[in-house]
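Novice: These protein sequence lines map, in sequence, to chains W and D.
Going by my numbering, the first sequence opens with residue 1133, and the numbers climb by one from there.
Going by my numbering, the second sequence opens with residue 2, and the numbers climb by one from there.
What the hints contain is simulated information worked out from the structure, not anything from laboratory work.
Where hints are given, some of them may not hold.
Claimed, not checked - Sample of chain W residues facing chain D (criterion: CB under 10 Å; computed from the structure):
| no. | residue |
| --- | --- |
| 1 | A1134 |
| 2 | E1136 |
| 3 | I1137 |
| 4 | V1139 |
| 5 | C1144 |
| 6 | K1152 |
| 7 | R1177 |
| 8 | K1191 |
All figures in this text were calculated on a predicted structure; none of them were measured in a lab.
Note that beta-carbon positions come from the ideal geometry of N, C-alpha and C, so glycine has one too.
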Amino acid sequence: MAKEIDVRGLSCPQPVLLTKKAIDAEEKEIMVIADDIVARDNVKRLAENSGYDVKIEEKEADFVLNIIKK
Amino acid sequence: MPKFKPAWMVLLTGGVFGIFFAVLVKLGNPPNMGTCLVCFIRDIAGALRLHHIDKVSFLRPEIIGFILGACVAGLVAKEFKAVGGASPILRFVISAFVAIGALVFLGCPIRMFGRLAGGDPTALMGLLGLIVGAWIGVLFLKSGFMLGRTRELSKANGWVIPVFALFLLILLLAKPSFVFLNPNGHAPIIISLVIGLVVGALGQRSRLCFVGSIRDIILMKDFHLFQGIFGFFVLCLVMNLFLGQFNPGAHPMGHTNHLASFLGLLLVGWGSTLIGGCPFRQTILAGYGNTDSGMSFLGMLVGAGFAHNFMLAGKPSGVSINAIIAMIVGIVVFLIISSTNRVR
């Protein structure tokens, strides 16, 4: 079961900060829901730099980032 | 699959801004000021008579351009979205103190790097203050500081700041008697406006942020945004050398009160970290729908008015006792806001 993080409506750098907490807790699967392109890009960059694969789906106005440990 | 921007966009934005910063001084903007966000918001406050210091009163086309450039870029990229509601009045207060801190030091983070690129050593204490301020902000972020979530608002909300910028442009061109426009100390209006539009649009695309750069390094050793500062500093320095504007040791329009410089930019670094971006980033965000950043912009405008009405702003001759008191008040206010807005 992936750890779910809802970062909708959060401004810089909260989305990255919350994702980083999950990464630091060595979660293997993380699902981040974002509604902002900046948050989406920043979370993706952090996850990729931390050794995770990122797949992004667009669901209505939101982005769902499926982050999985390589 | 969504497209992602490589870091060269940040580098390009910083570099272009650095070149224009130096060029605008050559064309008539105040030396060592170039294109300072807070100084120019202060000038707009003066033009609108929110303070009455004639020398620093002008409707700066660069600021108008930043907002409108970001607005157009946001519309083209389909990123214009009216959002807000994450503690707007706290953002207003924080931003007012950010403006006061910047005006005590005499410069926002951009001007601080511009001053360094012009050879001004007194800006170094500002840089140190900015880093320490961002570090304090990061400590509170790590301990759960949060200003809440934004929500989507009606479109009209997002248009308030761009329409305000358009209104300022009309006033600048029509020159009605109720605004005061200092005839000196600025580059040709059309050039400043075009440069503002270009940098504003690039800022929207790249998300360049001068405090975010430092914050991201402290928080997670991420140098993505820092490339913007690097590009800005290097090309501004090269341009200053080329234009004969590099004067090592000189500090035109700066002062030598190092403690005030340190505390001024400490407030800027701390406050900007709390509200999620430097004065430039706030201005850009306000241009494409973020009404919380719109409140930050208005907070800086009012704070800049207070800074001159209460004699807080630094001068080449020094810094007043009022300024030191205002900065202590600012630190206390930031401490209260930082520690009372934490979620676990």
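Novice: Please name the hints from earlier in the document that this structure breaks, with their numbers sorted from lowest to highest.
Specialist: Failing hints, ascending: 1, 2, 3, 8.
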